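Q: Sequence:
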Amino acid sequence: ITVGLNPLFVPFFSQGRNDVLILFAVGMILFFLQRGHITAAAFALGLASATKQTAWFIVPLFFAYLLFSRAQPNWRDLFRRAVLPFFIPFALIVIPFLLWDARAFIDDTLIYPSATFPIAGYGAGQFLLMLGIIPNDTAPFPFVLLEIIFGVPLLLWLARSLRARPSLRALLAASAAFTFVVAFFNRVFQDNYVGYLVALGVIAYFLESETTHAKSSAAN
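Numbering (the numbering used here), first residue to last: 1 to 220.
Treat the hints with care, since some could be wrong.
To be verified - Distance condition first, Cα-Cα at most 20 Å in a straight line; then the derived EDC-like pairs of lysine to aspartate or glutamate:
| hint | residue 1 | residue 2 |
| --- | --- | --- |
| 1 | LYS52 | ASP137 |
| 2 | LYS52 | GLU147 |
| 3 | LYS52 | ASP101 |
| 4 | LYS52 | ASP191 |
| 5 | LYS52 | ASP107 |
Quick caveat, the hints were computed from the structure, so don't treat them as lab data. Remember, predicted model here, so these are calculated numbers, not experimental data.
Start from the sequences and build out the full structure, keeping to the hints where you can.
A: Written as structure tokens, this is what we have:
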């Protein structure tokens with residue numbers, strides 16, 4: 001339903017936009033976490049994070065969930081079972097590009113999208129452009145500052161909420177909310193982003209929300 005009957009997802013999937021890869025990774029992460037396979041879930045998140053920046057906004061909440069779903073967190077065990085499995089696939093994919101041409105890689109994946117990429121979509125950038133605050137769609141504007149101002153307090157609040165109720169439903173809903181806020185204050189907030197976020201919200205709605213289930217799964 002979230003993919004095949006989602007009018008904000010299917011047209012862009014047929015065009016070749018790669019949100020389906022991250023949505024598939026989210027499904028794998030949830031599948032592994034439900035069965036207590038923390039290492040496999042972290043590995044899947046590492047692959048997703050090396051594939052598309054959208055997955056980056058799941059990372060802090062993923063580790064917050066792992067930390068808060070344990071009655072007595074074991075930092076060494078968390079590092080061995082989650083942090084390393086996350087960074088190994090991420091590093092194996094990213095490092096070759098950095099060695100090849102680090103400047104071009106960073107410019108293409110970070111600087112250009114956040115600095116001079118043409119403003120498009122339905123986010124704050126489009127409204128600022130319509131109001132004339134930004135003169136044209138390629139003009140520089142401190143969107144990163146807006147993302148920090150609105151995103152960091154939200155992230156802290158979401159992490160606190162996860163601490164109070166560390167369920168998979170809360171994890172996915174928090175990831176969707178954090179992704180939405182950061183994407184909204186980005187230069188581009190395309191319609192396919194909306195489709196991806198709607199899919200996350202629908203999946204979160206149907207997930208089991210019991211905190212006790214999350215704690216027992218993550219503790220295994």
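Q: Hint by hint, note whether the structure agrees.
A: Taking the hints in turn, this is what the structure says about them:
For the proposed pair LYS52 and ASP137, the alpha carbon gap of about 23 Å is over 20 Å, so the pair is violated. Among the hinted pairs, LYS52 with GLU147 is consistent with the structure: their alpha-carbon atoms are about 18 Å apart, no more than 20 Å. A hinted pair counts as satisfied when its Cα atoms are at most 20 Å apart, and LYS52 with ASP101 qualifies at roughly 19 Å. About 16 Å separates the Cα atoms of LYS52 and ASP191, which keeps this hinted pair within 20 Å; it holds.
Restraint check for LYS52 and ASP107: satisfied, since their Cα atoms lie roughly 15 Å apart, inside the 20 Å limit.
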